[in-house]
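Going line by line, the protein sequences match chains A and B.
Heads up, the first sequence is in the numbering used here, so the first residue is 3 and it goes up one at a time.
Heads up, the second sequence is in the numbering used here, so the first residue is 1348 and it goes up one at a time.
Honestly, the hints are just simulated from the structure, not real lab data.
Among the hints, erroneous ones may be present.
[Claimed, not checked] Just the calculated beta-carbon pair ranges, DEER-fashion:
hint, chain 1, residue 1, chain 2, residue 2, range
1, A, 9, B, 1362, 21 to 27 Å
2, A, 41, B, 1410, 27 to 33 Å
3, A, 41, B, 1460, 40 to 46 Å
[As the list claims (entries may be wrong)] Examples of chain B residues lying across from chain A (beta carbon under 10 Å, computed):
hint, residue
4, 1364
5, 1390
6, 1403
[Unchecked claim] Far from chain A, some chain B residues (derived; all Cβ distances over 10 Å):
hint, residue
7, 1354
8, 1358
9, 1362
10, 1363
11, 1369
12, 1378
13, 1388
14, 1389
15, 1434
16, 1448
17, 1458
18, 1460
Bear in mind the structure is a predicted one, so any value in this text is a computation, not a measurement.
Where is the CB? At the ideal position from N, CA and C, for every residue including glycine.
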Amino acid sequence: AQSVTQLDSHVSVSEGTPVLLRCNYSSSYSPSLFWYVQHPNKGLQLLLKYTSAATLVKGINGFEAEFKKSETSFHLTKPSAHMSDAAEYFCVVSDRTGRRALTFGSGTRLQVQP
Amino acid sequence: DAGVTQSPTHLIKTRGQQVTLRCSPKSGHDTVSWYQQALGQGPQFIFQYYEEEERQRGNFPDRFSGHQFPNYSSELNVNALLLGDSALYLCASSGSGSGNEQFFGPGTRLTVL
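In isolation and in its complexed conformation, chain A is listed as follows (with noise of 0.2 Å):
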C-alpha cells in the first residue's frame, strides 16, 4: 500500500521568495516519487522524479526535491519564486518502475503574490 500527504492545501509567496511545498509519503517497498504541476485547463505536467539514484533531484523551472528516507519526504523547493510557477502541484508515488498506478496527494495550491 502507498498513500502521499501534501501537508499543505494552499501556499502564498512574494515573487522572487523561495517556495517550499512539502510532501510525506507512506509506501511498503522502494517508491519512485514524483512531482507534477498543473496549470489552470492544462495537462499535467512532470517537475521531476526520483528513482533510488541520486537523492537531491533537480527538475525543471528552477525547481528540486530532496528524498529523505527517514523522514519520508520529498519536499519541493525552488530559490526564488516566479509569477509564472502560480498553479496546483501533486506530490505522487508509484513503485519502484513508476509505471504502474500513481497514488496522488491531494495538491498544494501556489500563490505568487506581486
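The hints should help you fit chain B onto chain A, whose structure is shown.
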C-alpha cells in the same frame, strides 16, 4: 510526436446514460492508465491496460470498464452515470522506453446533469 491525445475534450450527459472516452498513447508506448480528477482533488487511479488486458485496478465500481486495442489505444466506458461521476478524466501512457515516467493527456471534462 503528437503526445497523448484524448477525445472528446468536453462531454455533457444526463444521469443514467452511458459514456465512452478515448485515448491514444504516445508513440512507442504500450501501457495506458486512466485517472479520475474530481474538482479540487488530486487524480485517482481507475485502471491500467497492458497487452489488451486490465493489469491493475483502483477502487472504482464495475460501472467503470475499459478496453485496449491492438494499436495500444484505449477506451474508458462508464455505465449508469451518476452526478458524482462529473470530473476530468485523464489518460496516461508509458512504455519500456519512457523510463519511470507516465505521460498525461489533456483530459476529457465530463459533466453529468
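If you test the structure against every hint from before, which numbers come out violated? 1, 3, 4, 12, 13, 14, 16
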